[in-house]
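Asker: Guided by the hints, dock chain B onto chain A, whose structure is given.
Heads up: the protein sequence lines correspond to chains A and B, in order.
Mapping of the first sequence onto the working numbering: residues 1 to 98, in sequence order.
Mapping of the second sequence onto the working numbering: residues 1 to 268, in sequence order.
Keep in mind the hints are simulated off the structure, nothing from the lab.
Certain hints may be false.
Only part of the chain A face toward chain B is listed, based on derived beta-carbon distances under 10 Å [what the hints assert, rightly or not]: (1) 26; (2) 40; (3) 41; (4) 43; (5) 45; (6) 78; (7) 81; (8) 86.
Keep in mind it's a predicted model, so treat the numbers as computed, not measured.
C-beta atoms are modelled at their ideal positions from N, C-alpha and C, and glycine is treated no differently.
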Amino acid sequence: MTAPTKQTLRQQVLVLYLSTSALDSKVIGWSQYDGTGRSAPTTGDSDEPPYETGVAALCDGWRLLQAAQLIPPYPGHEYDVSFLKHEFLFEKLVELDG
Amino acid sequence: MTEQLLTSVQMAHFVAHGSLTMTAVVPREMNAEAIGVLTAGIPGAPYGTPVSEAFPAGSFARRLVELPAVAGALHSLVGPAPTVDHHHVHIREPREGSAQPLHGDAIIDVRMDAFDVQLMYYPHEVTLEMGGTLSVPGSHLRRTNETDTGRYQNLRGQNRLVCPAGTVVLLHHGIWHGGRRNDTDTPRYMFKIRFNPTVPQVRLWNTGDLADPAVADELRTQFPWYEPATGRLEYYNRVRMWRALTGDESFDLDHWVTRVTNRPLAHH
Numbered sequence: 001m002t003a004p005t006k007q008t009l010r011q012q013v014l015v016l017y018l019s020t021s022a023l024d025s026k027v028i029g030w031s032q033y034d035g036t037g038r039s040a041p042t043t044g045d046s047d048e049p050p051y052e053t054g055v056a057a058l059c060d061g062w063r064l065l066q067a068a069q070l071i072p073p074y075p076g077h078e079y080d081v082s083f084l085k086h087e088f089l090f091e092k093l094v095e096l097d098g
Numbered sequence: 001m002t003e004q005l006l007t008s009v010q011m012a013h014f015v016a017h018g019s020l021t022m023t024a025v026v027p028r029e030m031n032a033e034a035i036g037v038l039t040a041g042i043p044g045a046p047y048g049t050p051v052s053e054a055f056p057a058g059s060f061a062r063r064l065v066e067l068p069a070v071a072g073a074l075h076s077l078v079g080p081a082p083t084v085d086h087h088h089v090h091i092r093e094p095r096e097g098s099a100q101p102l103h104g105d106a107i108i109d110v111r112m113d114a115f116d117v118q119l120m121y122y123p124h125e126v127t128l129e130m131g132g133t134l135s136v137p138g139s140h141l142r143r144t145n146e147t148d149t150g151r152y153q154n155l156r157g158q159n160r161l162v163c164p165a166g167t168v169v170l171l172h173h174g175i176w177h178g179g180r181r182n183d184t185d186t187p188r189y190m191f192k193i194r195f196n197p198t199v200p201q202v203r204l205w206n207t208g209d210l211a212d213p214a215v216a217d218e219l220r221t222q223f224p225w226y227e228p229a230t231g232r233l234e235y236y237n238r239v240r241m242w243r244a245l246t247g248d249e250s251f252d253l254d255h256w257v258t259r260v261t262n263r264p265l266a267h268h
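So here's chain A without its partners, still in its complex pose (with noise of 0.2 Å):
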């Protein structure tokens, strides 16, 4: 009898921030942290998107964890400016060889 393979899985994640609250606007920033620790993205490392939109995201494999919430400003603050507001979380899951 052979023994069960024991999977390894470990986490990718993807953080995109679209220009809209729709996952298929166009991609303004990202964020990549990767749980197998083959890479290690950074702060300023590339100038350009790993995605044009959210959907695309989805067709290569990543799959939606969270979107932002819809909040509307605080009274008073209706013209303020601050973080972005359409934050779209991914994972995907890998498994380690061996």
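Answerer: What follows is chain B alone, placed relative to chain A:
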């Protein structure tokens, strides 16, 4: 020494971008001197020390801020006799492995009618691999606190500084920025000075071109990382800043502020 004041168009560029770059403005002989001076260290001064006391006459830092183009830009932005908040020599060590998280300096600072300016001086050529400062054009009016923006690794239209020796960048206090990872074997130097104004920052530049349509064109600059909806709010905030800088409360861009503040009085 004659100060070369900024024009209204250049000031409008600063209001839109939150920065002004003076490429290779420092002479070659000063750049050659700089590495030794910066390595030895520039004596500190208490917060809020006048430039004349923080940097003695003839010192490297004093000669740097008195270069006609640098002095004129500082006068235009923060006025005569600003004080030195603090200064620091930043060195990105070779292959140190990490970048700074994207941040704004100090703490959240929402002043619209007053602002500090940070001077960044690069004494040697900075290549893409050397980890020149990352900055995000048009981020200076965002109300965020220090490294709370650390999750933003890359934004469309970000500026990864690449410059020849002797370049000086002047930044609004709110700009999002960070030292990038230095992937070379050479240390990367930058000397930063933060200036506080001591006078109201109203019409301190050469205002001869105030009515030039190029002023409004500069203020209309949009950046690729803006959500289009928030980009319209950026217009609103720039109009407020331009009104504060010019003292002209009637100034507007394409009716953005006028429309939402219009409350007609009843006619009797």
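Asker: Okay, which hints does this one fail, numbers in order?
Answerer: none
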